[in-house]
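Engineer: Going down the list, the protein sequences come from chains A and B.
FYI, the working numbering numbers position 84 of the first sequence as 84, with every residue one higher than the one before it.
FYI, the working numbering numbers position 102 of the second sequence as 218, with every residue one higher than the one before it.
Worth flagging that the hints you see were computed from the coordinates, not collected in a lab.
Source: prediction; values computed, not measured.
Where is the CB? At the ideal position from N, CA and C, for every residue including glycine.
Heads up, some of the hints might be wrong.
As the list claims (entries may be wrong) - Distance windows between CB atoms, simulated:
#	chain 1	residue 1	chain 2	residue 2	range
1	B	Ser-130	A	Cys-13	35 to 45 Å
2	A	Leu-26	B	Ser-196	45 to 55 Å
3	A	His-85	B	Ser-186	27 to 37 Å
4	A	Ser-54	B	Thr-128	42 to 52 Å
5	A	Leu-76	B	Ser-134	23 to 33 Å
6	A	Gly-61	B	Thr-121	19 to 29 Å
7	A	Glu-87	B	His-126	48 to 58 Å
8	A	Gly-61	B	Arg-185	23 to 33 Å
9	B	Pro-229	A	Lys-41	20 to 30 Å
10	B	Ser-186	A	Asn-51	29 to 39 Å
11	A	Trp-10	B	Gln-161	12 to 22 Å
12	A	Gly-61	B	Pro-229	36 to 46 Å
13	B	Glu-131	A	Gln-109	24 to 34 Å
Said to hold, decoys possible - Some chain B residues close to chain A (C-beta under 7 Å, calculated; not the full set):
#	residue
14	Ala-133
15	Leu-135
16	Gly-159
17	Gly-215
18	Asp-221
Below are the chains, spelled out letter by letter.
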Amino acid sequence: GAVVSQHPSWVICKSGTSVKIECRSLDFQATTMFWYRQFPKQSLMLMATSNEGSKATYEQGVEKDKFLINHASLTLSTLTVTSAHPEDSSFYICSARVTGYNTEAFFGQGTRLTVV
Amino acid sequence: AQSVTQPDIHITVSEGASLELRCNYSYGATPYLFWYVQSPGQGLQLLLKYFSGDTLVQGIKGFEAEFKRSQSSFNLRKPSVHWSDAAEYFCAVANTNAGKSTFGDGTTLTVKP
Chain A
1 GAVVSQHPSW VICKSGTSVK IECRSLDFQA TTMFWYRQFP KQSLMLMATS NEGSKATYEQ
61 GVEKDKFLIN HASLTLSTLT VTSAHPEDSS FYICSARVTG YNTEAFFGQG TRLTVV
Chain B
117 AQSVTQPDIH ITVSEGASLE LRCNYSYGAT PYLFWYVQSP GQGLQLLLKY FSGDTLVQGI
177 KGFEAEFKRS QSSFNLRKPS VHWSDAAEYF CAVANTNAGK STFGDGTTLT VKP
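Next comes chain A alone, as it looks inside the complex (with noise of 0.2 Å):
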């Protein structure tokens, strides 16, 4: 199946830095891309949507100014968390998907996120 990848698997940050989280699909080319938080012993949330080349989508509840997504090209998309609190800490997961029916999403590792 599809490779999507995730860098880096975990990291620890400072209250108030900004951390960015990647994602790259490794041999297909993702039109979209989906990232997701999970906390501890919980299911995941999606955060939003981005579309290779336009702002990405986001869920409700998501403050965009804090959850900064850039989908530059077709293999790589960022999250980057702004002023990152302790509240921020959290199972980061990342899915890429060809756009058309019948395709589904391949899901990254996820990145464990704490701030400390």
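Please build the complex by placing chain B on the supplied structure of chain A, with the hints as guidance.
Structural biologist: For chain B alone, coordinates are given in the frame of chain A:
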């Protein structure tokens, strides 16, 4: 709006016993349905998926699931559970146009020796 309900938060089975994890979905058209497994601190692994066609879907690790439109269900089954199957299981429904997935709250599977 699409939604997924996994009625069982936690299930415990004995090793070698059969397993069924329940999943009910809400979606306006024919859905894309998925089952994923997640071990602690890890990402998601796709077990199986349903897009169309045969309603009984075979997946990896001996899992299968059956799509029942009349019941809006997509239950996951395994005839004989192994200790290594202990993990968190998520059912998901995807929007066939936009592709974004909605996940259930998950079911934690514990396997007794």
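Engineer: Just pull the numbers of the violated hints for me, sorted ascending.
Structural biologist: Checked against the structure, the hints that fail are numbers 2, 3, 5, 7, 14 and 15, while the rest are satisfied.
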